[in-house]
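Trainee: Two chains, each in its own frame: build the complex with the hints.
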Amino acid sequence: MGLSKRLGVSLSFIIASAAPVFAETSHRTAARLLSMAPIDWVIIILYFVTVLLIGFYLRKYTTTGEEFFMAGRKMTAWVAGLSFISANLSSLETMGWSAMSYQYGMLGAHAYLIGAIPAILFLAVIMMPFYYISRTHSVPGYLKLRYGEASRSLAGISFTFMTIMVSGVNMFAMAKVMQLLLGWNFDVCIWVSSITVAVYVGLGGLLSAVFNEVMQFFLIWLGLLLIPILGLIEVGGWHKMMTLINAQHPGENFTSLWANLGSASSNPMGMHWTGMVFGLGFAVAFGYWCTDFLQVQRVMAAKSLRTAQNGTIIGAALKMMVPLIVTVPGLLALAILTQKEGITLVPESVAQATGAPSYNDVLPLMMARYLGPGLLGLGITSMIAGFMSGMAGNVSAFATVWTYDVYRPLINKKASDSHYVSMGRWSSVVGVFFAILTAYAAKFFSNILVYLQVLVMFFIIPLFGVVILGMLWKRATSAAGFWGFLAGILTSVGEFIYVHVFPSGFNPTQLNPAHAQLIALSPLAQDMAVNMYSALWSLLVSMAVTVIVSMFTKPKSDEELKNLVYGLTKIPNEGPTPWYKHPNFWAAVVLVVLVVVNIIFW
Amino acid sequence: MMNRKIEIWFFIGSLMSIYGLLIFGSGIYYLFVPTTRQVALSDLHADIWWGALLLILGIVYCVKFWPFGNDKSAA
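Chains as they are written, first to last, in the working numbering: chain S, 12 to 613; chain L, 929 to 1003.
Chain L extracted, bound-state conformation (with noise of 0.2 Å):
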């Protein structure tokens, strides 16, 4: 976007990735122990697909706007 090395969309990419990770990770774990809160319709494990679907998200951001190697043009 900007013509500068890293674009905003590899900063949005990694907090994506790294937000994804960390929900997904406590989805999975609430899943073994469970959270003294208790939300309404926690059967669905919203953490766990919303958290992967982050993941993903945030992934394909990083390796579409990957600023390190080769040269990329403006989003």
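Looking at chain S on its own, in the form it has when it is part of the complex (with noise of 0.2 Å):
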């Protein structure tokens, strides 16, 4: 099983899902991909020189709990957009999702188009004025205001944990990577790295990692924009490039967005359009993009709401352009791998058996095909601060809702500032500590990756489900808060157990037909298919549940929710804004190329 093995959109459902696959590919005999010369080392050498500088200069500027854990609340919308969008643009990201383009063709592209930008402009128009009016440190904060102590300590513990495990993940996948692709040695991966990690996010907290976050964006993009360029150029177009795809294969389709999934015969994912509409577009977009403290951190931190706004608009429009770093690396090697080096890749398992090179090659070996010299420590080192990047956003999110979230209130309550950012400090190293344990779990035990890789959605689409209830519907009230963020939970979880169920046992590396077209609808679903229709219904029993728990409950008085729901909050004026600079207006003009975009590659 590939790395589409996770709900779509999200970063952590790509660390965590493909953190199997490499585990996996340890036993694989394949050569390593990729050999560098000195420049490549000194380029990547270079990288990790400049990010610990910027960890040591910028310690001086977080000494207050806003500075450290909120960057101090002065981002402008450019770099809490980059930001935003950058710490869903790991490597995994990158190479999961081209490999998914191999294997699915244009249906990979759907995570940065229906998988992705209504739920970020819903973000960016509805749910950001009550996030940032809470002024509160954290999603689970917000929890807290809007449904008291057990609801944000429900979230913010299980928070912690899904941090901590997914960094671990990153970590650990990061090493298998460079094992597989360079030759490095495992343990020394981990460890620089997560020392990197730890320093610069323990020096700078949330300015650090959003600094990181920044640089590797503009990393990601100069390393990979050139295989694109070249391989277009190569294949004569893009014409040219679908033409030859479709021409290697007859009566299947891999180069429409919509066209296939008229039903979940017609589509190498097996789902209907339903699926990616409900499941991946509605589900998982608005779970992961709206109440990931991880990415909503980093436009909470911005200067003032517009700024927020906006800046999460950019986000949208930026997120809108990686399928041209991203998908179509998968489609030109769909297009030419076959027909210029003999090379067709497998899916993981055989992979596995046979040693010929994965899904999951695509892009190493699309970097292999046009990156020389230089070029290619240009293109490693995106990847490597892809990974670190990914490690320090969930280090520094761990720090934040860890102290505000589950300390403060559970541990210690009343001490000075100053404790709590020296506990922000410590509780990063630590985070990294307990990162790096989970990596060598994982090591060791690779069937506990294959948990990991569905802990966000247990957690992060209820969490949806609730959150958008208390903003938008003032009758929903504590009690039910809490046991529809904890239905859904339980939802997420029965349902992953109920499609890894045979007669003969439980086995979460396999789909049981029969159970999965029970959750998806179809018995040629596959994982990706499952994920999305399980998320979907994890969302609606959470939703339910807070309905039906709210009618037989005390609601909290009106004066209690001001700026917490929609109706009882005032949004602050910020003075006149024309037209052009309005988040309204922006957001209209991402969702009309959003529906350009869909028509074109219909």
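Since the hints were derived computationally from the structure, they do not count as laboratory data. Even for Gly, the Cβ is constructed at its ideal location relative to N, Cα and C. Not one of these hints is a red herring.
Facing chain L, a subset of chain S residues (Cβ under 10 Å, in silico):
hint : residue
1    : A48
2    : V53
3    : I54
4    : L57
5    : Y58
6    : L64
7    : Y68
8    : V225
9    : F229
10   : L233
11   : L241
12   : K351
13   : R380
14   : G383
15   : P384
Listing some non-contacts, in silico: residues in chain S with all C-beta distances to chain L over 10 Å:
hint : residue
16   : I144
17   : F172
18   : T355
19   : F612
Mentor: In structure tokens form, the structure reads like this:
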């Protein structure tokens, strides 16, 4: 099974889902895919030196809680937007979706279109005012204000657990990828990357993480953009590429976004369009983009509400461009790898048995094909930056939620601000330590990774159901928030167990087609289809339970819900804004572009 | 951007400049000393023009966000 074993748009899912793949690839005997020249090493070492220098430099600017945990709430729209989108653009994202594009064709681009843009715009226009005006430090912090301590504790504890696990898996995956591609030592990769992350996040907090994410955004684009440019030159342009793909796959449709989603049997994903729209586009996308604190934290740290909204919309616009460096390389590989190099990529299970390259090797193979000395170093650096940025994002989010949503309310309520900053610094280091333990656990007990890959779905999707009802419906009660969230989590876990249960027992690496049919409405459903429908059902359950419990419990007064709920929140007047600077205008522009792109590639 | 002495854009510009210089330089070097690892379309010399592009972009960022001397406004 490839990197696609996840819900789709979530960085965390990609991190988590990719890990088993690389655990498996460790058994492969394939020679290293890439070999580096001395100039490539220089470029990589320069990157490490730069991020450490930035960490030391930023320490003096992060002495208060607001500065350490929220970057002083001074970020401009561009920095917030770049950081917001970079936190989702890890190396496993790029490698994973390139593999998806090879495996599923154009369908892989949905993660950047319907699987992201509507949700990001919804966050910008509808949800951001509530997050921002409440002046909370985190999404669990909003839950505390809206629903009370029980919901916050459940979200805070689950989130801290999740971020550490995901960070560890990211670390593990990086070490495995570098070992596989370049022959680097696993332990050295783990320790060098984790010490670097611990130093720069511990010193500069969210500010360091944001600086590195913005830098990573540039590195990823500069490192990978040459692949589609040179690839399209080589094949003779876009239409020629599509012609080559169709010629090599007669009877199959790899080149449409929607035309092959009429039924589950007409596309390689085994998914009906309803799964794409309601599963990916609604449940997964909204859950991930609107309530995953790792994402939301970046724009909550903007200097004003309008800046936060515009930063989020900039993120949406940039997100739509990512298929250029992710989907196109996968499609190019589909068009030319077999023809030019005689290589046909295979599923991971086959690769493991035969030593042949797998879908997951698409991006490294394309790097090896087009990037010579120096450029390859830049490409590898962009991958390392992506991995480390993913770790740093999770660690900084962990430090914030641990300090403000677990340590302060449950352990030490009345400490000074400097004490909480110190706790934040040390929890960053401790977080990295636990991430290292997770990485080694993943190395020795690879089945752990199978469970971690759906961890985010267990928590984030139900959380969205509860948060959105809390924002838009003042009748939602404290008890309902807690029970709705818990019911959603249990539904996610239950679905995961159910689709992996066989008469012979439980197998987390295989889908039971009969059970998958019940969840994903088709026996042909692949993992991705099952995950999307599972997310949809868990979201609906969390919302339904929240509504039902609310009917039988006492709501908070309007006064208590001021600045937390639609209708009881006055949007602050930030002065006159010309129409061309208004978030709603730019959200509409991005939405129109989304529609046009979907029509063009229908 | 964040009301502090050195902007993130300056760091990015510096790194891009150095990377551009290194890649451009290695491209020129490999023009005369062919590498053993041949890549597709190597005749286009992507390393030379991509390195030059990085160098120019990096210099533009460095100049625009130069932190020393005049007090620059936030980005």
